[in-house]
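Novice: What follows is each chain in one-letter form.
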Amino acid sequence: MFAKIILPPATGLKNKTGSWRTGKRPKFLHKNCTGCRLCYLSCPEGCISGSKKEYNADLDYCKGCGICVRVCPVNDIVMEQE
Amino acid sequence: MKEFLEGAVSIARTVALCRPGVISAYPITPQTHIVEELASLVADGRLKAEFVNVESEHSAASCVLGAVAAGVRAYSSTSSQGLLLMAEVLFNIAGLRLPAVICCVNRAVSAPINIWNDQQDIVTLRDAGVILLFAENIQEACDLHIQAFKIAEDPQIMLPCIVNIDGYILSHGYEPVEFPAQELVDKFLPPYNPPYKLDVNNPLTLGSLMGPEYYLETRYAIQQTMNNEVKRKILDVAEEFTKVFSRKSFGLFEEYKIQDAETIFVAMGSIAGPIKDVVDELREKKEKVGLLRIVTYRPFPSEEVGKVLSNAQRVIVIDKSISLGSYGPLYQDVVNSIYLNCQIGNQKTLPKVIGYICGLGGRDVSKEEISEIYNEKEFSPAKFVGVKKENLGNFI
Amino acid sequence: MIDERILFTAGHTACSGCAQSLAARLVIDAAGKNTIVVNNTGCLEVFSTGYPYTSWRVPFIHSLFENAAAVASGVESALDHLGIKENINVIAQAGDGGFADIGLQAFSGLWERGHDVLTICYDNEAYMNTGIQRSSTTPIGTHTTTSPVGKSSLGNLRWKKNLVEIALAHRCVYVATASVHMPVDLQNKVKKALKMKGPKFIHILSPCPLGWGSKPEDTIDVAAAAVETGFWPLVEFENGVLTKVKKFRELRPIEDYFKLQKRFSHLLKEEAKEVVEMWKQKIEENVKKYKLLEE
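Chains as they are written, first to last, in the working numbering: chain A, 1 to 82; chain B, 1 to 396; chain C, 1 to 295.
Pulled out of the complex, with its shape left as it was, chain A reads as follows (with noise of 0.2 angstroms):
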């Protein structure tokens, strides 16, 4: 007899971690990027995703920490108020 101890791969998708912000989120302005990938390298949860010079959180996961506002290196990404 097994009790389930074993872990298929990313079942970790099914906790939608975005319920934990507390009021602010980041909206990405796609006015000056430059495709830089600095957002996508430097967030925590590993929720921004995009191409070219498109990238966008995925507010399923985004728990508001602010960092990518912070590292976007021409102001492209502000914090809003949900």
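It is worth saying that the hints were derived from the structure and are not from the lab.
Note that the coordinates shown come from a computational prediction; the quantities given were computed from them, not determined experimentally.
Even for Gly, the Cβ is constructed at its ideal location relative to N, Cα and C.
Be a bit skeptical, because a hint or two may be false.
To be verified - Quick look at which bits of chain B chain A covers, simulated, 3 or more residues with Cβ under 8 angstroms: (1) 223–229; (2) 264–278.
Stated by the list, open to error - Below, a list of computed lysine-lysine pairs in the DSSO-like style, where the Cα atoms sit at most 30 angstroms apart: (3) C:291 with A:52; (4) C:33 with C:160; (5) A:53 with C:192; (6) A:14 with C:244; (7) A:14 with C:280; (8) B:377 with B:285; (9) C:33 with A:16; (10) C:215 with B:187; (11) C:291 with C:244.
Stated by the list, open to error - If you only want the chain C side, here are some residues facing chain B, beta carbon under 7 angstroms, derived: (12) 81; (13) 84; (14) 152.
Fit chains B and C to the given chain A structure using the hints.
Specialist: Just chains B and C now, with coordinates in the frame of chain A:
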């Protein structure tokens, strides 16, 4: 092919026949000869395995854990302090449901430091979910190793198994041993093929954090497996072994001259040897006495043992260890099984169960002392045999 | 909307702004899907594999607090035995407590035996998972719960254990430090390490907003300040030889680093003058040892 070799060497050569792919080694008396012989076999190209000289027993067990998790049969051996250092890893291997086989060459536990034989090391880990087998002699030690891999690796079981041999007595003693042919072992013991492993083509997560909503069932599952699949498998494997290798393997326990016995000794390991001699002598004198030798200590075959012993008038349990502040561990399991059996069967009379603590720290237990135990009229649940008053008194 | 190539997915329960979760993702994405990860007990395994959730898309095993290196030794030996080690990376990773303290013996054994394993220390400078207790990589004067600042104490009494030097003493083929504020550099270091055969070590400073008392949105700035003040030099050693150092025209004052973290707030006061002097001495040592200042 029969050979006359040191016990440790025989065990190592038998393990080599089981084709482990990874061997982790850390020295501790008196098991070191096992890993030394395995190193020699690897160095000569007679055993194709990775030999890892780890830096402690905790790592020795962890290395075995990693190897079996990655899908390769692995082995290590230890004693006493080393076994206790591995303790949390053994619990971990059982909880992760991985089949490791380790030999424990039973030795007394510090302090004081003592390198001679008793069984205190392994009984301390009887709660861990590890299958525990005890060998009486070197041939059986070898035979149990072959069976241990087969039992542990059963996809319905996947639990660690420790084969216990009394330190020095079986590790350094010489006995003629029959070594089976490699082809026979290969037929009996197929390659390790686990139902889950660390595989980049099937990326699983092992060892997750489990809260109160999930943990209990993991223990329940191991308990059920121990009491059902493991017991059944041990019997099946023993039966198959007896057939394939033409040599009797006992499975859960050995009944020696039990049939009409009014007094039954219970013991595990090599001490069964002198007890059998005393039983033979007493039988000559028409005494109705026998020995129940426990081979499988965990899972404890409680129902079966209870049934056998409940018919006796007196049961004498010989423990080579003591749960300090309580009784001998084997004594406790025996009392429980007799009581439970009587409860189920509504029996009105229970046999007297007397407990003796012998041989701690390697102190010799003679046939005379065993005969004296048989003739002892006083009841005691945990009487230490052969206490020397001159060693007691003030601390200095 | 999640990038499906990510091997360490969202849905983990790390604190908002956690650098260790970022670093773990950068590491495994650089290593690729042919990687087996062995993790010690700590924040990372707790927040990434809380049943029934796992963030890992590669084979992952967590055993105990101190044995990731020994388990990884077993995994690597098994892959060697099967003849498939060439194409599979093995990573043994731990936090600073699990690496420099309780796990140091096993990592030392792995390094000494020369296993082909990449070992990574995510250094948040305390036992964070159990609530911010000091470890051997907690710098001097740091406030933790077991080295608290009080009327007769200015915090932790000792400087950081130098894991880079210990790794070099073990003849690791690749030793480097990295920071999450330079993610491409971090990933390049992982990729370079994995191209080399033998024991490798990367030491990643992982700012912890909760334990360090910094704002989640400041995490990258904190990491940058650690490097730009000379406290956390970014260096690379190949086969024992220093091959790369991130140099600066000038270093920022250490107070820039202290200001961002409540755990150092007492170091901005006059009473802490001596402790701050020690920090400056250690930074001077880094400057000399690695030639951090551009000529």
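Novice: Now, for every hint given, state plainly whether the structure supports it.
Specialist: Hint-by-hint comparison with the structure:
1. 223–229: Coverage by chain A holds for the stretch 223–229 of chain B (4 residues, Cβ < 8 angstroms).
2. 264–278: violated (count 0)
3. C:291 with A:52: Status violated; Cα separation ~38 angstroms.
4. C:33 with C:160: 34 angstroms, violated
5. A:53 with C:192: Distance of about 29 angstroms is within 30 angstroms: holds.
6. A:14 with C:244: Since the Cα atoms of residue 14 (chain A) and residue 244 (chain C) sit roughly 42 angstroms apart, the hinted pair is violated (cutoff 30 angstroms).
7. A:14 with C:280: 47 angstroms, violated
8. B:377 with B:285: Between residue 377 (chain B) and residue 285 (chain B) the Cα gap is close to 18 angstroms, so the pair holds against 30 angstroms.
9. C:33 with A:16: 24 angstroms, holds
10. C:215 with B:187: 64 angstroms, violated
11. C:291 with C:244: Between residue 291 (chain C) and residue 244 (chain C) the Cα gap is close to 11 angstroms, so the pair holds against 30 angstroms.
12. 81: 4 angstroms, holds
13. 84: 9 angstroms, violated
14. 152: 37 angstroms, violated
The structure does not agree with the numbered hints 2, 3, 4, 6, 7, 10, 13 and 14 stated previously, though it agrees with the rest.
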